[in-house]
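Since chain D is already given, all that's left is putting chains H, X and R with the ligands on it; use the hints.
Residue numbers (the working numbering), protein chains in the order written: chain D, 2 to 99; chain H, 2 to 99; chain X, 2 to 462; chain R, 2 to 462.
Rather than coming from a laboratory, the hints here were simulated on the basis of the structure.
Among the clues, some could well be false.
List time: in silico DSSO-like cross-link candidates among lysine-lysine, alpha-carbon distance up to 30 Å [unchecked claim]:
hint, chain 1, residue 1, chain 2, residue 2
1, X, Lys413, X, Lys258
2, R, Lys450, R, Lys415
3, X, Lys415, X, Lys457
4, X, Lys415, H, Lys27
5, X, Lys457, D, Lys27
6, H, Lys92, X, Lys450
7, R, Lys365, R, Lys258
8, X, Lys110, X, Lys258
9, D, Lys27, R, Lys258
10, D, Lys27, H, Lys92
11, R, Lys30, X, Lys258
12, R, Lys415, D, Lys92
13, H, Lys27, X, Lys30
Residues of chain R placed beyond 10 Å of chain H at every Cβ, according to the derived structure [to be verified]:
hint, residue
14, Leu6
15, Pro377
16, Asp439
Here the structure is a predicted model, which is why all the values come from computation and not from measurement.
Just so it is clear, CB atoms sit at the ideal spot from N, CA and C, and this is done for glycine as well.
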Amino acid sequence: MIEGSSTTDLLFVFMLAAFLGFQLIKRVSPLLHSPLMSLTNAIAAVVVVGAIIITSEGDATPLAKTLGFLAVLAATINAVSGLLITDRMLKMFRRKGE
Amino acid sequence: MIEGSSTTDLLFVFMLAAFLGFQLIKRVSPLLHSPLMSLTNAIAAVVVVGAIIITSEGDATPLAKTLGFLAVLAATINAVSGLLITDRMLKMFRRKGE
Amino acid sequence: MDTELIVQAAYLAASGLFILALMWMSSPKTARRGVRCAEVGTVIAIAGTLLRHDVVGYDLVLIAMLLGAAIGVPMAYLMPMTAIPQRTAISHAFGALAVGLIGIAEYYKLASGLAPGSFPLWALMLEMLLGFLTCTASLIAFAKLQEIMPTRPIMFAGQRLVNLLVFGAALAFAGLMIFLPNSSQYLPWFVAVALLFGVLLVIPIGGADMPTVIALLNSYAGLACSAMGFALNNKLLIVVGALDGTSGFILAVIMCKAMNRSFSNVLFGGFGQVAAAASGGADDRPVRSMSAEEAAPVLELASSVVIIPGYGMAVAQAQHRVAELYEHLEESGVEVKFAIHPVAGRMPGHMNVLLAEADVPYDKLVELEDINPEMPQTDVALIIGANDTINPAARDDPNSVIAGMPIIEADKAKTVMVIKRSMSAGFAGIDNPIYYLDNTQMLFGDAKKMTEQLVKELQEL
Amino acid sequence: MDTELIVQAAYLAASGLFILALMWMSSPKTARRGVRCAEVGTVIAIAGTLLRHDVVGYDLVLIAMLLGAAIGVPMAYLMPMTAIPQRTAISHAFGALAVGLIGIAEYYKLASGLAPGSFPLWALMLEMLLGFLTCTASLIAFAKLQEIMPTRPIMFAGQRLVNLLVFGAALAFAGLMIFLPNSSQYLPWFVAVALLFGVLLVIPIGGADMPTVIALLNSYAGLACSAMGFALNNKLLIVVGALDGTSGFILAVIMCKAMNRSFSNVLFGGFGQVAAAASGGADDRPVRSMSAEEAAPVLELASSVVIIPGYGMAVAQAQHRVAELYEHLEESGVEVKFAIHPVAGRMPGHMNVLLAEADVPYDKLVELEDINPEMPQTDVALIIGANDTINPAARDDPNSVIAGMPIIEADKAKTVMVIKRSMSAGFAGIDNPIYYLDNTQMLFGDAKKMTEQLVKELQEL
Ligand SMILES: NC(=O)c1ccc[n+]([C@@H]2O[C@H](COP(=O)([O-])OP(=O)(O)OC[C@H]3O[C@@H](n4cnc5c(N)ncnc54)[C@H](OP(=O)(O)O)[C@@H]3O)[C@@H](O)[C@H]2O)c1
Ligand SMILES: NC(=O)c1ccc[n+]([C@@H]2O[C@H](COP(=O)([O-])OP(=O)(O)OC[C@H]3O[C@@H](n4cnc5c(N)ncnc54)[C@H](OP(=O)(O)O)[C@@H]3O)[C@@H](O)[C@H]2O)c1
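Isolated chain D, as found in the complex (with noise of 0.2 Å):
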């Protein structure tokens, strides 16, 4: 196997990725657009993927560190709030009855 991916690679990704984020969301009902807008917030913090191997790299410098922390600390906030507050939003969505 190897490591790493080409370029190429990662275009195709972004590509298919990008036409399945335009048919997915077209789909989403205006009703949950409010929701639709702060789960796709709370998702975008998985770039505390990131954050962690800069922090915690065995070679990484004080200032890696600091930056990393600092990342790590914005990046969870939103991911938990994020997530808590869609969840609170949508726990309201009731059809009549329900």
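Same frame as chain D, but now just chains H, X and R with the ligands:
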């Protein structure tokens, strides 16, 4: 740049394309299910790409050349007839007054 | 390195174009643009491949492509629209054969250099298995649709066991070739077993169920294409295969749903027996019948008519006459609509293509969910060669073999007229209570002749 | 090598889960399942990352995550629903900051090892540019929404030129750092210029237009995340970024369409001026007004009432009272529906969230296209704090600033009742002819107080 892709790259591409296919096909109007079948069939003829490589490599064995030749032939027939017939079908769909 | 970049860019562009092609198939207004995209995509993919530095001898390829085009073009223009299901089947057979043959060539080329049990070997074996079984399965489907072979399910004692053994053998050979290096001597056996399995898979299925099988084979062919992409490290093939695979799968699911059959029923073969078992029992209750002469004034005086076409219209090739009938009625101020059941005919969208061919505008074609609420206000429901798709037993009789299948509720119209040749049953092989209702009139005769007569009577009125 | 496989599998699974999450957001029935998926996806992504063999020191990461959770949880539960737009803005600022900071750290680590002009350098610079500009832009948007800053557009002479120069400077620094090895001394400058550019982008935009800006910033944040994925060779980040980017983009387009504004109008900043220029001109034509006491019996006797909420309901936090009013009317046998305009309020879906919070069942909320055909048969259209979204000038007056914006045709109802505090204009700053119609009655007052009174009167009837 690294030549060739890792297996996980390919799996990412497959997963995204499958999700995308699912979203796209679900939206096709039932009116067009027949042309859709013949279009996807025609698109699949892109395996001709693999057939060309097999046939025309410098070190291709006679067996590979024979098999490749047949494969190119079969795939080309599919591509050409499939695309033309899909278009022929679609040309017939008209709105009132068109 | 630079040409490699161009090749990859070509593949990326081609993938994007194929995706756009499917996206634009969502509506008849953009669908032809979609086909243009697919054409450009194919050309770009081929051009990109010819640029590759490992591609050196062009002669054979060009001869094959010219020959292919020379066969493909007339094929596309001469094919009658009624033969579309057969064409799709035979075309799957060709496509799958190509995949299988490429698999063989690759195996001879690559296998010795690959580690036993490595991923590309798995992909190669899957590619060949799916390719060859789809090839013969599609051929059988073609033969059944073209009625070269008996369309009834072919059954024999111990069939399940035989199928299982053959499938097991295919897996065993595949396993040997994946884990034992230099075991290419098994390849011919493996191919033979895969081809045989394809035959076994389809023979127990009745001819009328072939459309579902074809959609499923479409899906298998797509998976084979993806497997080839995995083996050759080609993302374009993976994308196209995945799109194709999901397309076939979803169409098969839609058909199953519209027939209220379970999907596993299809996946594990062996259906069509239901239809074969229950033979069409026409019973002795009286029915009312009418001649074209009597029917024409009723149609003319109606303010709304819903035409419900079915398989009979396709068999009789009556679509052009039906279109004439529609035009005459519209001219006399009758509001005419067509009600299209998702599985009317023998393939998805069958009625739509035929009526489009006869120049009926597509905004006159209404889907099941939209037309049913209007049926009670409809003066005449004119059924032309449809049977199961309007059978009220599906709605009313929980013991019917088609119980739960959604139907067009023609029986709710004020008057029901049925054009068919006899009292015999449709595809599901069961009786239809709608024929015995008080408001039903049978117009016995061939769909084409009867509509022709109706048009003549209308002209004379 | 083996853990690498597990890590990649975790990323693949997380991507799939995020896709499912968005897929299930399509309907309120499955949306909560979608959030579950997103949660599991995030956990899997983090767990996979912690397994990587280049990740060795856990302490800092764990502290940061615990701290983050300790801040995030109370934030989520204490946030009032009316503050959602602000929260989204500040959360974008945090997210984009994280992306930018990671970019800096990566640059110091990787840049010296990369060839000048190579692809990862491009990706890194794009990541930082988008990250930092989104960060300050979101902060300004937050400040405007929270009214810490003046909400009116801030303009100065030569603004366009300054913006252009700053953007040019950012590109110049980026170019230097991409093509000249060891030019890390420019990094602080680059960051400063990117931060400044974010500020400049948003200050000329009026506070009321912030929702569109926020959607667009969501899209930028997504692109930054994808760029980071390209730089770090991480497909999960690319997928998430692309999903996020398209989501923000599509929402922005939807908002623009519903306001009949061109999209470039948003992209190049500088809007909101229209609203600032045309000042709300109340003219002297007479209007009819009514007290709650007079209005209650009219509502009670109606057989159908359509409630049309707008920004005023949100400002007054009147949703709970409105829900009570709805219940009372339903109990007295009146058929009540809510008509929801796509840009009513100040963010997409604003009214839906507020009414859902007040327990109005969502099947009572009807979209614009579906309610308009019913308006002429409606007895009372009760407008609560909406203005532009029901302004008939958009339909009738081609010279209006909102000409062509789709509206809810409240003026077609038999009686129109309008709850607002004065005759002053709405967001677009223009007069509304609906107030002067013969069938219109104004109910002057705060939305919350007025609905409260209506409920009281209804109880006493
Ligand atoms: N569309 C698909 O994708 C698909 C796929 C798989 C299965 N199927 C099955 O196919 C069936 C389709 O239903 P359907 O209502 O369209 O048709 P149907 O139930 O198969 O009935 C067709 C009727 O047409 C009559 N007919 C045959 N030839 C005729 C002619 N020349 N002139 C006039 N009438 C003629 C036959 O009666 P006479 O012999 O008395 O004339 C028969 O009753 C469903 O059961 C469906 O499940 C469809
Ligand atoms: N939703 C979005 O995503 C979005 C995004 C960007 C822009 N916008 C814009 O926002 C506008 C939304 O339209 P809209 O019809 O909802 O609202 P609007 O046109 O902004 O009008 C709101 C009305 O509510 C009244 N109001 C304010 N506070 C009130 C209170 N406490 N009690 C009672 N009434 C009160 C105001 O009149 P008084 O002062 O006389 O009370 C005002 O006329 C559109 O122009 C849209 O283009 C929306």
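We went through each hint and held it up to the structure:
no., hint, result
1, Lys413/X <-> Lys258/X, "holds (23 Å)"
2, Lys450/R <-> Lys415/R, "holds (25 Å)"
3, Lys415/X <-> Lys457/X, "holds (24 Å)"
4, Lys415/X <-> Lys27/H, "violated (35 Å)"
5, Lys457/X <-> Lys27/D, "violated (50 Å)"
6, Lys92/H <-> Lys450/X, "holds (27 Å)"
7, Lys365/R <-> Lys258/R, "holds (24 Å)"
8, Lys110/X <-> Lys258/X, "violated (44 Å)"
9, Lys27/D <-> Lys258/R, "holds (14 Å)"
10, Lys27/D <-> Lys92/H, "holds (28 Å)"
11, Lys30/R <-> Lys258/X, "holds (22 Å)"
12, Lys415/R <-> Lys92/D, "violated (36 Å)"
13, Lys27/H <-> Lys30/X, "holds (17 Å)"
14, Leu6, "violated (8 Å)"
15, Pro377, "holds (27 Å)"
16, Asp439, "holds (40 Å)"
Of the numbered hints listed earlier, those contradicted by the structure are 4, 5, 8, 12 and 14.
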